[in-house]
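Please work from the sequences and hints to get the whole structure.
Sequence lines, in order, name chains A and B.
If you use our numbering, the first sequence corresponds to residues 1 to 119, in order.
If you use our numbering, the second sequence corresponds to residues 1 to 119, in order.
Honestly, the hints are just simulated from the structure, not real lab data.
Be a bit skeptical, because a hint or two may be false.
One copy or any two copies: either way a pair holds, since identical chains are not told apart in the list.
No more than 20 angstroms apart at the CA atoms, straight line, and that leaves these computed lysine to any residue pairs for SDA-like [said to hold, decoys possible]:
| id | residue 1 | residue 2 |
| --- | --- | --- |
| 1 | 7 | 27 |
| 2 | 3 | 81 |
| 3 | 3 | 68 |
| 4 | 20 | 40 |
| 5 | 3 | 113 |
| 6 | 99 | 111 |
| 7 | 9 | 81 |
| 8 | 55 | 109 |
| 9 | 3 | 82 |
| 10 | 99 | 37 |
There are 2 protein chains.
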Amino acid sequence: MDKVNLKQKFSMFTDYWSPKIVGELNDSHVKLVKLKGEFVWHQHETEDELFLVVKGNLLIKLRDQDIFLEEGEFVIIPRGVEHLPIAKDEVHVLLLEPKATLNTGNINNERTIIDLESI
Amino acid sequence: MDKVNLKQKFSMFTDYWSPKIVGELNDSHVKLVKLKGEFVWHQHETEDELFLVVKGNLLIKLRDQDIFLEEGEFVIIPRGVEHLPIAKDEVHVLLLEPKATLNTGNINNERTIIDLESI
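Below, the structure is given as structure tokens:
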């Protein structure tokens, strides 16, 4: 059984908006992702999603609210709630969500990633 | 929708081995717990459990392996695997596990906590 060192795992990739699987428990995946810039508005119809900021700052826009996360802060976006992550500068995020979760949720476009890499 | 600041939440309690619920997603709870000393050997029959060290160091003994976690490291203990957390000094840990999870797993003793507090 191996432990996971977040800093070491983040050092293994440089691409943005491409979550890497670093753990699996129950029906969920733990993923790490680096974000920079603006994503697309989307929602996950049947999955709640946790964003924990490990390094940097992340703005998550909802239709009626802005959530600004700093290092050591997390938010859970409930299923069905449209959200738009925006990272002014690079931010390192730990995601927790059901294995079936697609990064772009209900939107299928060039930013959709079907097969996530495990690192 | 409220974000959670880990440091602020940890400042809200001082008791050891008493996980507090700070988030709920899908079928799981996110919990924070302060540990100091030695717990009891136990296992969770049907639940995988994630330990992420937020501050300090944590030793998790398995029957055939020792896992030593430092700040920024996590491990997932699969269901059915006996484990014994030991904290030489105070350690702050984020737990992620199904809502049904009992802190002492298959063991029912004076350290078992039935109704967890949400903070």
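Taking the hints in turn, this is what the structure says about them:
Taking CA atoms no more than 20 angstroms apart as the test, residue 7 paired with residue 27 passes in neither setting, with 25 angstroms inside one copy and 28 angstroms between copies. When the C-alpha separation of residue 3 and residue 81 is checked against a cutoff of 20 angstroms, the pair qualifies only between copies, where the shortest distance is 15 angstroms, while the shortest distance within a copy is 33 angstroms. Taking CA atoms no more than 20 angstroms apart as the test, residue 3 paired with residue 68 passes between copies only; the shortest distance there is 8 angstroms, against 30 angstroms inside one copy. When the C-alpha separation of residue 20 and residue 40 is checked against a cutoff of 20 angstroms, the pair qualifies only within one copy, where the shortest distance is 19 angstroms, while the shortest distance between copies is 34 angstroms.
Taking the closest pair of Cα atoms, residue 3 and residue 113 never come within 20 angstroms of each other, the shortest separation being 26 angstroms inside a single copy and 27 angstroms across copies. With identical chains, the CA atoms of residue 99 and residue 111 are at most 20 angstroms apart within one copy only, with a shortest distance of 18 angstroms there and 33 angstroms across copies. When the C-alpha separation of residue 9 and residue 81 is checked against a cutoff of 20 angstroms, the pair qualifies neither within a copy, at 29 angstroms, nor between copies, at 25 angstroms. Taking the closest pair of Cα atoms, residue 55 and residue 109 never come within 20 angstroms of each other, the shortest separation being 28 angstroms inside a single copy and 40 angstroms across copies.
In this assembly of identical chains, residue 3 and residue 82 lie within 20 angstroms of each other by CA distance solely across copies; the values are 16 angstroms between and 33 angstroms within a copy. Taking the shortest Cα distances, residue 99 and residue 37 never come within 20 angstroms of each other, neither inside one copy (25 angstroms) nor across copies (35 angstroms).
Violated hints for the displayed structure, listed by number in ascending order: 1, 5, 7, 8 and 10.
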